[in-house]
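So the sequences go chain by chain: W and C.
Each residue of the first sequence is one higher than the one before, counting from 1469 in my numbering.
Each residue of the second sequence is one higher than the one before, counting from 25 in my numbering.
Heads up, some of the hints might be wrong.
As the list claims (entries may be wrong) - In silico DMTMM-like links for lysine to aspartate or glutamate, alpha-carbon gap of 25 Å or less:
(1) W/Lys1507 - C/Glu230
(2) C/Lys75 - C/Asp87
(3) W/Lys1485 - C/Glu230
(4) C/Lys224 - W/Glu1509
As the list claims (entries may be wrong) - Quick partial rundown of chain C residues pointing at chain W, CB under 10 Å, derived from the structure:
(5) Ser38
(6) Lys47
(7) Ser50
(8) Arg62
(9) Arg79
(10) Val118
(11) Leu223
(12) Ser235
As the list claims (entries may be wrong) - Pairwise CB distance ranges, derived in the manner of DEER restraints:
(13) C/Pro71 - W/Leu1519: 24 to 30 Å
(14) C/Asp132 - W/Thr1472: 33 to 39 Å
(15) W/Asp1498 - C/Ser50: 18 to 24 Å
(16) C/Arg79 - W/Asp1498: 32 to 38 Å
(17) C/Asn241 - W/Pro1518: 19 to 25 Å
(18) C/Lys185 - W/Asp1498: 38 to 44 Å
(19) C/Asp227 - W/Gly1528: 21 to 27 Å
(20) C/Gly233 - W/Thr1472: 25 to 31 Å
Because the hints were derived from the structure by calculation, they are not lab data.
Here the structure is a predicted model, which is why all the values come from computation and not from measurement.
The beta carbon of each residue, even a glycine, is placed where N, CA and C say it ideally should be.
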Amino acid sequence: MELTKKILEKLIQAVSKTHPNEIGCDDCFDQLDTFAQMKLEGKSPEEAMPLVEDHLKRCGDCREEYEALLEALKSVS
Amino acid sequence: MLNWFKRRREEKSSYETNEEWVKALSQPVDEQAVELLRSKLIKGLKPALYKYVDRELDQFVEDVAQDALLKILDNIDSFRGESKLLTWAMKIAVREGLTELRLKRYDDSSLEDFKHAEESGRDELTSLTFASDTPDPEQATHEQLALQKVLKIINEELTEKQKRAMNALMIQGLSITVVADQMDTNRNALYKLVHDARLKIKDRLEVEGISPGDLFNRM
């Protein structure tokens, strides 16, 4: 298999930005409703919940769920 | 008697607070509340999932709402009230829907590499090659050395499970939901496994006097 430069960059960037105190998908999911609600209320969940924000940047599936949750909530508010 | 029914109906037609919702969704369950929640979940799921569903969106969303409702009712005791109940319930429904879609998309796909990689050895990180597209020979050499260094550390420091997970998630770019399912684990455990792997690589690079940040900046 041939590695593209983009993948190699992604790999090295992920390693360089690794922190011992990252949260996992379960902790992120536990707090995702509060995070999304703050966002929709115009508050800054990124500042209030930096570990959730950090996880959403790293984990594609959790980020996808967060974005879909925002869409869903906008349509029922 | 008729007035009593009318009054009862009016009293239960809206659920404004979390307390009202929790009471209505706890045993004995208020069916009217369940139906109201179902309709809200369906209303929210449609715009959230339509871009992932190529046909029969209405049926799919109704099925997801039904599965999510069962989970919501089973877990109503764990709702801590830190958000609105509808936000919490929608979170469960969105995950339910996206999880099903991811697994189905993978099953339907022709991505056989990961499914049979273990037997064929095709997920070996050692077999990776790298073709640089830079015209600068010095830069190309740097990229080649960076790859060799990272691969050497991966092969010396990581477990087979960590290598397999990193390859699937970071090289092949597969969904963590799919990879967890394929590896008979869960998302959280898989995330932790790869987090530990990233930490090992970072620590080893630093022990060897290489800053991962510098390595990236020179790419």
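Hints versus structure:
Proximity of W/Lys1507 to C/Glu230 is assessed by CA-CA distance (about 37 Å); at most 25 Å being required, the pair is judged violated. Of the pairs offered as hints, the one joining C/Lys75 and C/Asp87 holds, with about 17 Å between alpha carbons and a cut-off of 25 Å not exceeded. Under the criterion of a C-alpha separation no larger than 25 Å, the hint pairing W/Lys1485 with C/Glu230 is consistent with the structure, at around 13 Å. Our distance criterion of 25 Å between C-alpha atoms is broken by C/Lys224 and W/Glu1509, whose separation comes to about 40 Å.
Hint status for C/Ser38: violated, given a least beta-carbon distance of 14 Å to chain W, over 10 Å. Residue-level restraint check for C/Lys47 is violated (minimum Cβ-Cβ distance to chain W is 19 Å; threshold 10 Å). Violation of the interface hint for C/Ser50 is found here, the shortest Cβ-Cβ separation to chain W being roughly 19 Å, above the 10 Å cut-off. A distance limit of 10 Å between C-beta atoms decides the matter here; for C/Arg62 the minimum to chain W is near 12 Å, and the interface restraint is violated.
At its closest, the beta carbon of C/Arg79 sits 19 Å from a beta carbon of chain W; the interface hint therefore is violated under the 10 Å criterion. The restraint placing C/Val118 at the interface with chain W holds, with a minimum CB-CB distance near 5 Å, inside the 10 Å limit. With a least beta-carbon distance of about 5 Å to chain W, the hint placing C/Leu223 at the interface is held under the 10 Å criterion. With a least beta-carbon distance of about 8 Å to chain W, the hint placing C/Ser235 at the interface is held under the 10 Å criterion.
Between C/Pro71 and W/Leu1519 the beta carbons are some 29 Å apart, a value that agrees with the proposed interval 24 to 30 Å. In this structure the supplied range 33 to 39 Å is violated for C/Asp132 paired with W/Thr1472, their Cβ-Cβ distance being about 25 Å. About 20 Å separates the C-beta atoms of W/Asp1498 and C/Ser50, a value consistent with the hinted range of 18 to 24 Å. Judged by the Cβ atoms, the range 32 to 38 Å given for C/Arg79 and W/Asp1498 holds: they are separated by roughly 34 Å.
The hinted window of 19 to 25 Å between C/Asn241 and W/Pro1518 holds, with their beta carbons roughly 24 Å apart. The given range of 38 to 44 Å is broken by C/Lys185 and W/Asp1498, whose C-beta atoms sit roughly 26 Å from each other. Checked against the hint of 21 to 27 Å, the pair C/Asp227 and W/Gly1528 passes, with Cβ atoms roughly 25 Å apart. Between C/Gly233 and W/Thr1472 the beta carbon distance is about 28 Å. The supplied range of 25 to 31 Å therefore holds.
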